[in-house]
Amino acid sequence: MLGCFATYFMLTKANLSPILVLFLSALVVFTIAISFEKLVIRRTKTDLMRVSVATFSVALFLEEAVRIKWGKIYRTIPSYIKGTFDFHGIVFDNQRLVAFFFSVLIIIGLVLCIKKGRFGRAIRMVQQDKEMASLLGINVELVDLVVFGVAGMLASAAATLLSPLYMIYPSMGWPPLLKSFAIVILGGMGSVGGTIFASFIFGIVEIATAFFFGSQWAYGVVFLIIIIILLIRPKGIFGKDIF
Amino acid sequence: MRSVIHKRGWKINQFASLFYLTLLILVPFVVRDNFLIHVIILANFYAVLSASWDICSGYLGEVNLGHAAFFGLGAYTAAFSDQWFKLSPWLGLPLGGGVACLFSLAIGFTSLTLKRDYFVIVTIAFSQILWTIAITWASATGGEEGIRHIANFTSDLTFNYFLALAFMVLCIFVLYTIVKSRLGRALLAIHEDEYACKAVGINTSFYKVVTFAISSFFAGLVGSCYAYYLGIVTPETFSLGLTFTVMTMTFVGGSGTIFGPIIGAYIITFLAQYLYFFKEYRLITQTGALLLIVVLFPGGLIRLVFKSAYR
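Just so you know, the protein sequences line up as chains A and B, in that order.
Each residue of the first sequence is one higher than the last, beginning at 1 in my numbering.
Each residue of the second sequence is one higher than the last, beginning at 244 in my numbering.
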C-alpha cells in the first residue's frame, strides 16, 4: 500500500521516470521498514503475541493515516508502456509483460543472494539457529534488520510494477497480504522455488474461479486452499518440516 | 508477566468486583439517562468479547486476529434464525454460540497443531473472507446494508440492561472458573513453554483446540446477544477494526487477567460512545494507542493498580 502511494505521488506529482520511481519508492519503503523494525519489533521480539499485535496494528494505523490524509478515493496510474504484443494469436498487454520480466529479474537476484552470497548464508544460518549464529560472530540484529527492510523493498517493487494494473486505495494492502499467505502456505515456508510454483497454481485457480463462478468467490477459494493444504500437507508442497 | 494470583490478590479481586457489581446494579435506579444505560449495555457485551479473546490469546498465547469473525458468525446466525426460521431469541442465542464454536473447531483442528504463525494467518484470513462474503452475497446477507428488524429479547431498556449485566456476570464467572481450573493452569504452562509441556505429557494440541472453541463460543454468544439487542447486523461485525477494538480493550486493561479486559472494555466503550464527534479518527487513535501499549507497557492498567495481585 505504501509502495503504491509512493509510486502514485512520484509519478503524478513529480513526473519522474518509472525506472527511477521503482528504485526511489523501494528506498522510501526500505527506510520506513527499517525504522519500524528498530522502534517496534526489536522491543517486542521475545513474545510472538506482542509482535503480531504490534505489526498488524501498524498496518491498520498506516492505512487509517493514509485514508484520513488523502481520502478513500480510488486512484489509477496511467500505464508505463502502451500497446499490446501479439504472439501467434495470443495477445499480451505490454504493461503486464514488463511487470513479468521485472519480477523474474528480481526473483533471480533474490535466489542468487540467498543461495550463493555471503549475506544469504548468514540469513539461512540465523533462520536455523539464532543463538549458534550469534556465537559464530554473525550480527543477528543486523541480519534481522536488513531482512525486514528487503522484504519491505520487494513489496514496494511489486507495488510499483503492478500499480498501473490495479486501483490504488488505502485498504488495498489486505488482499495481496492474504494471497501471499496462501501462496507461502501452499508452496512451503522457506522455499523460493515452491513459492513461485505455488503462485502460478494459485493465480490460475483464482482466475478460473472468478471466470466460472464470479469474482466474489475468489476469496473463499483462497481460504479453502489454505485449509485443505493445512489438512493434507501442512508443510506445503516443497516445504521442510514445520512441527 | 503471567498473572498468578496470590491469596491476598484474590481477596482484592473479589472485593473490587463485588463493589463494582453493586454500583452497576444501582445505576438504572439512580440515573435516568437512557444513553448512559445503552453505553453500559454495550460495554458489558464488549467486556465478554474481550475476556473471551483474552482466554485464547492472553492465557494461551495463540494470537487470534479473527475474533470478529466468530462474533459476526454469532450475530448473523441470530439474524438468520430469526428471519428465516422465526426461532425465539432464547433458542437463537445458544445457536449463535454453537455455530461459532463449530467453525472454530474446524479452524482449530487444522491450524492449531502447527507452528504459532499459521494460526494468526488462518484466523485473519477467515475473518477477511467472511467479511467479503457478507458484503458480496447480498441476496442472503443484505450486503452493506445488513439485516434489519431482528426480534428483541424485550423492548424495555431497563430489562435489557439487567439481562446484559446478568449475561456479563455469568460469562465472566464461567471464564474465570475455567481459567482458575486445571485447564487454566495448563494454558499458562503452554504459554510459558510448549515443548516442556509436551515433555511432561500435557496434550497441548487438545488444550489449544478446546480453549479456542471456548473462546469462540463466547464470542458467538456475544454476537447473537448484540444482534438481538440492536436488532441489526452489518458486515462491520466481521471487520478487522472490531478485532482491533477488542485487542485494544484487552491490552489497555491488561492481557491474561480476565478482569483487565473488562476494565479496558468499559474505558474504550465510554470513550468511543461519548467522543462520537471524534469518529473519523477513532481507528487511528485506537491502533496508535494499542501499538504504544504493546511496545511500552505490555502489562496493562490492572497490573499498574493491583501491583501485588498480578505479576
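No wet-lab data here; the hints were simulated from the structure.
Be aware that a few hints might be false.
As the list claims (entries may be wrong) - Which bits of chain A does chain B cover? Going by a derived footprint, with three or more residues having C-beta under 8 angstroms, they are:
#	region
1	35-49
2	57-70
3	202-208
4	219-225
Stated by the list, open to error - Pairs of lysine-lysine, DSS-like flavour, derived with a Cα cap of 27 angstroms:
#	chain 1	residue 1	chain 2	residue 2
5	A	Lys116	A	Lys130
6	A	Lys130	B	Lys522
7	B	Lys358	A	Lys130
8	B	Lys441	B	Lys358
9	A	Lys179	B	Lys441
Just so you know, even glycine gets a beta-carbon here, dropped at the ideal spot from N, CA and C.
Straight-line Cα separation of A/Lys116 and A/Lys130 no greater than 27 angstroms? holds, 20 angstroms
Cβ contact check, 8 angstroms cutoff: the region 35-49 of chain A against chain B, three residues minimum: holds (count 7)
If you draw a straight line from the CA of B/Lys358 to the CA of A/Lys130, is it 27 angstroms or shorter? holds, 17 angstroms
Given the proposed pairing of A/Lys179 with B/Lys441, does the C-alpha separation stay at or below 27 angstroms? violated, 33 angstroms
Below or equal to 27 angstroms on CA atoms is what counts here, so check B/Lys441 against B/Lys358. holds, 14 angstroms
Coverage of the region 202-208 of chain A by chain B, judged on three or more residues with CB within 8 angstroms: With 0 residues close enough to chain B, the hint is violated.
Please verify the coverage claim for the region 57-70 of chain A: does it have three or more residues whose C-beta sits within 8 angstroms of some C-beta in chain B? n = 7 at 8 angstroms, threshold three: holds.
Check whether the Cα positions of A/Lys130 and B/Lys522 lie no farther apart than 27 angstroms. violated, 44 angstroms
Mind taking a look at whether chain B covers the region 219-225 of chain A? Criterion is 3 or more residues with CB to CB distance under 8 angstroms. holds (count 4)
Violated hints, listed in ascending order, are 3, 6 and 9; each of the other numbered hints is respected by the structure.
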